[in-house]
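Engineer: Here are the chains, one letter per residue:
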Amino acid sequence: MMFQNVSELVQKAEEDGISLSEVMIRQEVEETGKPREEIFAEMGRNLDIMEKSVEDGLEGVQSKSGLTGGDAVLIQKYMAEQETLSGNMLLDVVSKAVATNEVNAAMGTICATPTAGSAGCVPGVLFGLKPRLNPTREQMVRFLFTSGAFGQVVANNASISGAAGGCQAEVGSAAGMASAAAVEMAGGTPQQSAEAMAITLKNMLGLVCDPVAGLVEVPCVKRNAMGSSQAIVSADLALAGVTSRIPTDEVIGAMFRIGESMSPALKETAEGGLAATPTGRELAKKVFGPAMGSE
Amino acid sequence: MKFRSVFDVIGPVMIGPSSSHTAGAARIGKMARELFGRKPEWAKIHLYGSFAKTYQGHGTDVALIGGILGFDTYDERIRDARTLAQDENVDIEIIEEDGSSEHPNTARIELGDEESTFELVGISIGGGKAEITELNGFELRLSGSSPAILVMHNDRFGAIASVTNVLADYKINIGHMEVSRREEGKEAMMVIETDEKIPNDVMDQLNDCDHILQVVTISE
Chain A
1 MMFQNVSELV QKAEEDGISL SEVMIRQEVE ETGKPREEIF AEMGRNLDIM EKSVEDGLEG
61 VQSKSGLTGG DAVLIQKYMA EQETLSGNML LDVVSKAVAT NEVNAAMGTI CATPTAGSAG
121 CVPGVLFGLK PRLNPTREQM VRFLFTSGAF GQVVANNASI SGAAGGCQAE VGSAAGMASA
181 AAVEMAGGTP QQSAEAMAIT LKNMLGLVCD PVAGLVEVPC VKRNAMGSSQ AIVSADLALA
241 GVTSRIPTDE VIGAMFRIGE SMSPALKETA EGGLAATPTG RELAKKVFGP AMGSE
Chain B
1 MKFRSVFDVI GPVMIGPSSS HTAGAARIGK MARELFGRKP EWAKIHLYGS FAKTYQGHGT
61 DVALIGGILG FDTYDERIRD ARTLAQDENV DIEIIEEDGS SEHPNTARIE LGDEESTFEL
121 VGISIGGGKA EITELNGFEL RLSGSSPAIL VMHNDRFGAI ASVTNVLADY KINIGHMEVS
181 RREEGKEAMM VIETDEKIPN DVMDQLNDCD HILQVVTISE
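Keeping their order, the protein sequence lines are chains A and B.
This note's numbering puts the first sequence at residues 1 to 295.
This note's numbering puts the second sequence at residues 1 to 220.
If you're looking for bench data, these hints aren't it; they were derived computationally from the structure.
Hints are supplied without guarantee of correctness; some may be wrong.
Pairs of lysine to aspartate or glutamate residues, derived as EDC-like cross-links and limited to a Cα-Cα distance of at most 16 Å, are as follows [said to hold, decoys possible]:
id, chain 1, residue 1, chain 2, residue 2
1, B, K53, B, D98
2, A, K64, B, D80
3, B, K53, A, E271
4, A, K34, B, E196
5, B, K44, B, E93
Chain B is faced by these chain A residues, among others (derived, beta-carbon under 10 Å) [what the hints assert, rightly or not]:
id, residue
6, E42
7, I110
8, L215
9, T269
These numbers come from a predicted model, not from an experiment.
Just so it is clear, CB atoms sit at the ideal spot from N, CA and C, and this is done for glycine as well.
Using the sequences and the hints given, assemble the complete structure.
Structural biologist: Spelled out as structure tokens, the structure:
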């Protein structure tokens, strides 16, 4: 492995004078022995799946439970009809993240980035930034490699599973990955990508995984909305030269330890947090009948 | 290093809604099917921890059943796996277990037909990745991210060498290997992860080696 943590990843890029995405591509070639073109093409197929999920979600989908669906359409309509508060680019990002997660909740086809519950952040940021930055297809594929490099570090040093580390491990990781990749696509340095990752993840620490009725719907879809918007704001902070006082790897370590000390009720078991609210329980009963909601 | 490839993190392409509870479950089911080697007549699926608590909402049950029917994580037939299992005369039983398990997302799958039965324990470790932790009572670690051979054998000297010699003859490199046994001199098992797929004639030769009881393979 060329890198075990973020500091080694950044160091490798700086020493060799290459981008973070390039480090990830070279690492993948070394690890799998597959030709570079094949690896690039495989990531290209994932990119196409993501684009299709965004498109499907923007047309409007509904989940079987009826808990989620249609919000991506609402956001786009709002943007088209009136002056928004946070600006059209940010809301475009958010609507595309929401679109992806609505498709996921409806048992549609998505690409997990790094998980299904957090699948909206990376494509939301990528396809939301597309009209602003006009990236080439190669740059868009590279965005996914950069995201993957940071995701791999988190997965190997902490966790990307809500059941093991709470939502901070899922949407937190996804948002961090997206912000780091956004910095690279916008022309920032490898170190600035690391700063964006740290700033995003710091603000996701402690986030619990408390899905209503155990479904990847409430609050997952909206957490992706907020994760993707944080990714954009953190990327801008990093590009402005703002740095994280706590190094990225230590933030990842903190995330891991917080996940370890989190109560099992708050780790994807649907026994605590929003799932345990009166309305959360009521919704669970409606979806599955009395057995599920009564505890 | 559990996550070695970038596609462990950017991927898999899958049917929603949960990478650990749907895609990871489908992978555990598919590994069980491949190791059993054929369509079973019945499957008993025991669910533990978060799997037991949330399987209905995540489609964990249909994903595991879909995997047992041989479907990949992105196969849209997963949604109708229960009906499809009925159509194919595979008897399915889902059992919610109260007991604790080491990992929150754990499934124990028993498969069987007139000929034999088979049992494994799989865990879904996040992002759609899964591992097999127990097979027919033997503890092991099998990720399914490389091709692998599982060899049930008698615990005798030379058994391991005879297997590795065959692999060496075919220039197949071993990436990871572990051996465990129930008791000295009794049944034992080898798990061998390789860099390339195992051709059928290699499997035949392995089956003919001394002290070898059964050889099964799992592709990537």
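Engineer: To test your reading of the hints: which numbers does this structure violate?
Structural biologist: Violated hints: none; all satisfied.
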